[in-house]
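Asks: Sequence:
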Amino acid sequence: MAIKIDKKITAYKLVTDEDKKATEAAAAAATNVIQMGEPLSRPDMLVGNTYKIKTPVTEHALYITINDVIMNQGTPQEHRRPFEIFINSKNMEHFQWIVALTRVMSAVFRKGGDVTFLVEELKSVFEPSGGYFKKGGKFVPSLVAEIGEVVETHLQEIGMLKKPGLDEHQQKLVEEKKAEYLEKHAKSGDESNDEGFPKGAQLCKKCNTKASILMDGCMTCLNCGDSKCG
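Residues in the sequence shown are numbered from 1 upward in steps of one, following the UniProt record's numbering.
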């Protein structure tokens with residue numbers, strides 16, 4: 001079949017058999033693309049964990065259940081990934097937005113891919129009227145942020161996120177500094193809180209725990225080891 005060329009020819013190339021094979025292979029691969037965006041179908045049985053959180057902003061405790069689907073079961077590549085999330089409580093004040101939140105999160109879980117971004121998105125939500133401190137002196141900016149912490153804990157449990165923390169040597173150093181500080185100030189009658197940190201400790205900006213004290217001229221956190229002096 002003759003093809004009429006209306007434009008000026010600026011360059012040309014001879015098509016080889018190898019070029020033809022490469023083009024045919026690319027076309028065949030394009031027709032065999034596996035779509036990964038389809039949601040997973042729900043198995044008859046799922047495994048999961050239920051977490052209880054009690055906050056000063058709700059009268060009753062919240063029970064957060066995250067169910068997982070087991071991928072590649074029975075193989076060396078077997079692993080769990082979140083499939084759905086439910087939040088139950090006797091307190092109906094937050095019912096509507098909690099149902100909406102869990103449905104959207106469950107839809108994201110079922111889509112697959114990297115779902116760890118949900119943790120930072122939830123933990124960055126701040127309550128306009130201010131957050132609250134939970135047991136241990138840790139500051140939580142909102143109820144949504146605490147839900148994000150529960151999701152983070154669950155993803156760490158199933159191996160999708162690395163558990164943060166100090167290594168053995170760092171933990172030993174922090175414990176030694178903590179013991180040294182408490183022993184020094186016990187003589188002057190200073191008391192510690194329920195978690196063993198000084199009552200006058202300030203909020204650590206890294207771990208959001210009231211465990212930062214002035215030590216050796218530097219603000220040092222007795223919980224995570226963060227220090228202004230590096």
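Keep in mind that the hints were calculated from the coordinates and are not lab data.
Any given hint could be a false lead.
Claimed, not checked - Calculated lysine to any residue pairs in the SDA-like style (CA-CA distance at most 25 Å, straight line): (1) Lys135 / Asp68; (2) Lys54 / Ala22; (3) Lys162 / Trp97; (4) Lys135 / Asp114; (5) Lys138 / Asp68; (6) Lys123 / Lys177; (7) Lys163 / Gln96; (8) Lys162 / Thr116; (9) Lys206 / Glu120; (10) Lys177 / Gly225.
Given the structure is predicted, the values throughout are model-derived calculations rather than measurements.
Asks: Taking the hints in turn, state whether each one holds.
Replies: Right, here's what the structure says about each hint:
For the given pair, Lys135 sits about 28 Å from Asp68 by alpha-carbon distance, which is inconsistent with the 25 Å threshold. Using a Cα cut-off of 25 Å, the hinted pair Lys54 and Ala22 is violated, with the two alpha carbons roughly 61 Å apart. Straight-line distance between C-alpha atoms of Lys162 and Trp97 comes to about 29 Å, which puts the hinted pair past the 25 Å bound. As the CA atoms of Lys135 and Asp114 are separated by approximately 31 Å, the hinted pair breaks the 25 Å bound.
Between Lys138 and Asp68, the direct Cα distance comes to roughly 28 Å. Violation of the 25 Å bound is thereby established for this hinted pair. For the hint pairing Lys123 with Lys177, the CA-to-CA distance comes to about 30 Å; that exceeds 25 Å, so the pair is violated. Straight-line distance between C-alpha atoms of Lys163 and Gln96 comes to about 32 Å, which puts the hinted pair past the 25 Å bound. Between the alpha carbons of Lys162 and Thr116 the distance comes to roughly 11 Å, so the proposed pair stays at or under 25 Å and holds.
Straight-line distance between C-alpha atoms of Lys206 and Glu120 comes to about 14 Å, which keeps the hinted pair within the 25 Å bound. At roughly 9 Å between alpha-carbon atoms, Lys177 and Gly225 fall within 25 Å of each other, so this suggested pair holds.
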